[in-house]
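Protein chains in written order, with numbering that gives the first Met the number 0: chain A, 0 to 463; chain B, 0 to 463.
Heads up, a few of these hints could be off.
Just so you know, same-sequence chains aren't split out, so a pair can sit in one copy or run between any two.
Unchecked claim - Straight line, CA to CA, 30 Å or less: simulated DSSO-like cross-link-like pairs of lysine-lysine:
hint, residue 1, residue 2
1, K449, K15
2, K460, K85
3, K449, K286
4, K55, K286
5, K47, K460
6, K63, K111
7, K82, K47
Please keep in mind that the hints were generated in silico from the structure rather than gathered at the bench.
Protein chains: 2
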Amino acid sequence: MASTTASDSSVEAIAKAAKEAFEQSQLLPSSVRNEALAKIKQQLELRKDDILAANKQDMEAAQKEVDAGRMTTALLKRLDLGKGDKWDSMLQGILDVANLPDPTGTVSYASKLDDGLELYRVSCPIGVLLVIFESRPEVIVNIASLAIKSGNAAILKGGKESTRTTALLASAIAEGLAQTSLPPAYIHAIQTRDEVSALLQLDRYIDLVIPRGSNALVSNIQNNTRIPVMGHADGICHVYLDESADLQKAVRVVVDSKTDYPSACNAAETLLVHESLLNTVWPAVGKALLDAHVELLCDTATHTALSSAPSISSHPSFPSLIQHTPNDTYTTEHLDLRLSVKAVPSLAAATAFINAHSSHHTDTIVTENEAHASAFCRGVDSAGTFVNASTRFADGFRYGFGTEVGISTGRIHARGPVGLEGLVIYKYMLRSSAGEGHVASDFGVGEGKKAFTHAPIQASKVPW
Amino acid sequence: MASTTASDSSVEAIAKAAKEAFEQSQLLPSSVRNEALAKIKQQLELRKDDILAANKQDMEAAQKEVDAGRMTTALLKRLDLGKGDKWDSMLQGILDVANLPDPTGTVSYASKLDDGLELYRVSCPIGVLLVIFESRPEVIVNIASLAIKSGNAAILKGGKESTRTTALLASAIAEGLAQTSLPPAYIHAIQTRDEVSALLQLDRYIDLVIPRGSNALVSNIQNNTRIPVMGHADGICHVYLDESADLQKAVRVVVDSKTDYPSACNAAETLLVHESLLNTVWPAVGKALLDAHVELLCDTATHTALSSAPSISSHPSFPSLIQHTPNDTYTTEHLDLRLSVKAVPSLAAATAFINAHSSHHTDTIVTENEAHASAFCRGVDSAGTFVNASTRFADGFRYGFGTEVGISTGRIHARGPVGLEGLVIYKYMLRSSAGEGHVASDFGVGEGKKAFTHAPIQASKVPW
């Protein structure tokens, strides 16, 4: 793994080297990738003290930024690699990734086209990934592990606040890789935004961009490249309380969706309440939200209903935490203990509202009506459509993927939480074992022309 | 199906209407889509005479363009809907698509996350397609069929030379759709390039662009939109004659790859010859190519070898059809009876050359060496890697997909010939049937926290 702070002019060389490293790696057995993960883990263990010392320096510099009001405490906390079991989790993560099944080399379609002519569609890596992330330095290790496991080369750029830490993590990765037959340019760390800008233009070498960070970071990247981008900018998730919603489920699902981790992309930002529930379920849900210190941005109907409920008017947070909705509330990702609320007259209205305002990430219905559950799951056009379950379940680990590359709100390739499967594509291999080879002009309609057989072949691997 | 020649200002309304039509269609049973295909076929049959008369007018106008030197005869021929069995094939194509398995609603992953909490990943349409094609008017029917079958809404733009024909085809599609419960805006035909330009900016409504036409058309679209584009600009395919190539296979595969249909994207444009074959296999292949009137653009080594072979120096096409390679020959898609030729010293050199110059569409090795076949198929980073078979086999029908949307040289979502599978993505549906609903804060590490079950569920359909 090479590391650089070179000028823009050398960025093309970096991208070209990554592509060549990717191409060279295609003939290596996949076992070398697991070997690389083991070596990287070993190097990180050997260099633990240095890395944590560098991380302390990053933390001290960041503390000054926090003191000067230029950085949030939340960001500072994410920087800390020595906290709790974070270091051990990072190392365990490498092992976990190594132990996942190889996502490459698997046949998903195989067909005998003619006697001696066999077609195989086999999973393979995508190519060169450009991964851009912010603050949490351990992400470089996570992403390098995922890239290596899936057979992709990667160029990685961390946040500037973790420069010292990521530089040492990167060099440990480089030393691990150097002990294997994977090319050194296979994983490459870059340091500057200018390099990122230049790389985003190099669609000849870079095959997929994965940004992991703020809405601003992701939007900026989406607007400045023709390379496919996998990820999400917004996470505007909805909970809809249907006419038949069970009160207790409504309270539990809404409170969890909003408060379990408010700054996560899968936290709920908007609550839709069927108007028949305004004086029954809604005040109970509203009270539970106020108990959890959630600020409620209500439309007129939900505001009026709430204000007139006895359990609310006597609440210590009344009226301070109950506001009228600002104009842009339904397109705002609050990422905080704040929830937009709106009354709707029907399931169809809720579905249409969600389709118009959701970021197509994850939306939930609370209902006892099976037909409504089905219509919501099919009618809401989001990566996740849930029934009586918190939006917070939208997560690769919770879905059972072991680890996740990120969550995609895109509509092609991969949608929702993306595991290793999202880092592979496929290619078609066709082999003629006939005595004279196979040519297309032998097939067709008319005298002497052959017809295709198209007989399925049972195979999980390509046999040659 | 609505049709328009409206100004740019109404283009957003068209896109929005298509998205809403898509959303509304999500709750209709998939049987309505097959019903729509049947009705469309019926309408086309009813209006056959009018349509063929309009096509004749288009042909007459095009003939004037050809006479004036502004259009090629090839383009004129593609316009002809009355020729041979083209009309019947078009109608049969609708039936064929209707008879394909429904690509939506299929579960590809299902897991019990906890007692009463079930996750399903189910295939679903992508959304709104923008399809831009040139000259062949029947493409509007093919593509409308594929979009309807896969549950996607579509906005379609044909070539200006077929305006009269496509307008009538479009109105027959509209009349067919109107007899079903699919919304009228589900399939919409537009007429102008300005509308296309405006639509390419509307990534809020358009989910995938599928251009089918010239390199210039596709490149232009790829450079002017942030909406994902599925297709290919170039088709620079290679044939590599390996050291152990069988002479007869070499001749057959090279000639077919080049001459079976030279203007197709899967025709070979470059031939790489292992240098040990220069005075053996290469002259035989060269002679067969000259017999087929193929112009050979040779590097020094292949030129020298060919010129000194007795079978060549006595050939009627010698030396007229044998040229030295121009500088840009290896990045040129000839689309004609012209082939770039180069000698290479090894399989590794051939692989590296192909990876650097191929458009990653389809490349073939001719070899008797199993290890070389395997290394070529894995090492060449293209959508199709073939052994002893013509590049011309890279085609959805030949692969057994029944029909094809196009051929993708992209690295995500779909690669190579794309069937209906390329027009779907998936969504995750999660349902709690537990008495209190499911919340994420109940899960985790520590006292009283639950662990995820992650037990596979055997299901091909979502059970609610």
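Exercise for the section: Could you tell me which of the numbered hints above are not met by this structure, giving the numbers in increasing order? Expected result: Those not satisfied are hints 1, 2, 4, 5, 6.
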